[in-house]
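Given chain A, put chain B in place with the hints provided.
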Amino acid sequence: GDSVTQMEGPVTLSEEAFLTINCTYTATGYPSLFWYVQYPGEGLQLLLKATKADDKGSNKGFEATYRKETTSFHLEKGSVQVSDSAVYFCALSDRGGGFKTIFGAGTRLFVKA
Amino acid sequence: EPEVTQTPSHQVTQMGQEVILRCVPISNHLYFYWYRQILGQKVEFLVSFYNNEISEKSEIFDDQFSVERPDGSNFTLKIRSTKLEDSAMYFCASSETSRGNQPQHFGDGTRLSIL
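Protein chains in written order, with the numbering used here: chain A, 112 to 224; chain B, 879 to 993.
With the rest of the complex left out, here is chain A:
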């Protein structure tokens, strides 16, 4: 079945450091890919999405490119802030999976001032 694998955390960075969170997926069809963010004590917010190969999703300085050849959707940000501290979930939605959202395990990011 469909699945998402993302790097384990926690990831601890200093402010203004470069962030990469790796995400790879397995899907029977041609999925749409998402990154969701969960701030402490809050729900899941859509951060960005990409629906076809080579699409780049971007929002709030975060970017991720849909790489079909490597089945990856790595999240990047050039300069993180303390306010970016949260848990980041890579996810997919696929016709073969009945369009439910399948999440990775989440990666907790701590950004130090």
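Since the hints were made in silico from the structure, they are not lab data. Where a beta carbon is used, it is the ideal one built from N, C-alpha and C, also for glycine. Among the hints, a few may not be true.
In silico BS3-like links for lysine-lysine, alpha-carbon gap of 30 Å or less [claimed, not checked]:
1. A/Lys223 / A/Lys188
2. B/Lys920 / A/Lys171
3. A/Lys223 / A/Lys167
4. B/Lys920 / B/Lys935
5. A/Lys171 / A/Lys223
6. A/Lys163 / A/Lys179
7. B/Lys956 / B/Lys935
8. B/Lys920 / A/Lys223
9. A/Lys179 / B/Lys920
10. B/Lys935 / B/Lys961
11. B/Lys920 / B/Lys956
12. B/Lys935 / A/Lys179
13. B/Lys961 / B/Lys920
14. B/Lys920 / A/Lys188
15. B/Lys956 / A/Lys163
16. A/Lys179 / A/Lys167
17. A/Lys163 / B/Lys935
18. A/Lys167 / A/Lys188
19. A/Lys167 / B/Lys920
20. A/Lys171 / A/Lys188
21. A/Lys163 / A/Lys188
Some chain B residues well away from chain A (every beta-carbon gap over 12 Å; in silico) [unchecked claim]:
22. Gln892
23. Glu934
24. Asp940
25. Lys956
26. Ser959
Chain B only, in chain A's frame:
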């Protein structure tokens, strides 16, 4: 921006009791979902609902669980006889269509604590 709202934000219930978690999806959305996140673990799909019936359910969604859309706005998850292992954050989500390129919009969740 329209939001999915969930109530209550925190529910504490004795083991064996029934609990109903409530959700108000975004008004023009037609597809509804419940997910569960046990503390520190991944978000897991429970059930999807469309046109007043269940579209798909996971292995977690056993006979203790049921969903209902009692009126034009609410979408509820009922757990008939709660167990300790039902303690989790429960997220409701909705989407306008079932096409995979339309992201689901999530509520802030209900934290369910079973004592």
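Hints, one by one, checked against the model:
1. A/Lys223 / A/Lys188: Satisfied, since the Cα-Cα distance of roughly 15 Å is no more than 30 Å.
2. B/Lys920 / A/Lys171: It holds: about 24 Å lies between the C-alpha atoms, which stays within 30 Å.
3. A/Lys223 / A/Lys167: Holds, because 28 Å separates the two Cα atoms, which is no more than 30 Å.
4. B/Lys920 / B/Lys935: 17 Å, holds
5. A/Lys171 / A/Lys223: Holds - the C-alpha atoms of A/Lys223 and A/Lys171 are around 19 Å apart, at most 30 Å.
6. A/Lys163 / A/Lys179: Holds - the C-alpha atoms of A/Lys179 and A/Lys163 are around 8 Å apart, at most 30 Å.
7. B/Lys956 / B/Lys935: 14 Å, holds
8. B/Lys920 / A/Lys223: 25 Å, holds
9. A/Lys179 / B/Lys920: 24 Å, holds
10. B/Lys935 / B/Lys961: 19 Å, holds
11. B/Lys920 / B/Lys956: This hinted pair holds, its Cα atoms lying about 21 Å apart.
12. B/Lys935 / A/Lys179: 28 Å, holds
13. B/Lys961 / B/Lys920: 20 Å, holds
14. B/Lys920 / A/Lys188: 23 Å, holds
15. B/Lys956 / A/Lys163: Violated, because 37 Å separates the two Cα atoms, which is more than 30 Å.
16. A/Lys179 / A/Lys167: With a Cα-Cα distance of about 12 Å, the restraint between A/Lys179 and A/Lys167 holds, given a limit of 30 Å.
17. A/Lys163 / B/Lys935: Holds, at about 27 Å.
18. A/Lys167 / A/Lys188: Satisfied, since the Cα-Cα distance of roughly 13 Å is no more than 30 Å.
19. A/Lys167 / B/Lys920: Answer holds: A/Lys167 to B/Lys920 is near 25 Å, not above 30 Å.
20. A/Lys171 / A/Lys188: Judged against 30 Å, a Cα distance of about 9 Å means the pair holds.
21. A/Lys163 / A/Lys188: Roughly 21 Å separates the two Cα atoms, so the pair holds.
22. Gln892: Holds, since 25 Å exceeds 12 Å.
23. Glu934: 5 Å, violated
24. Asp940: 17 Å, holds
25. Lys956: Non-interface label stands for B/Lys956: nearest chain A Cβ at 20 Å, farther than 12 Å.
26. Ser959: 25 Å, holds
When each numbered hint is compared with the structure, violations occur for hints 15 and 23.
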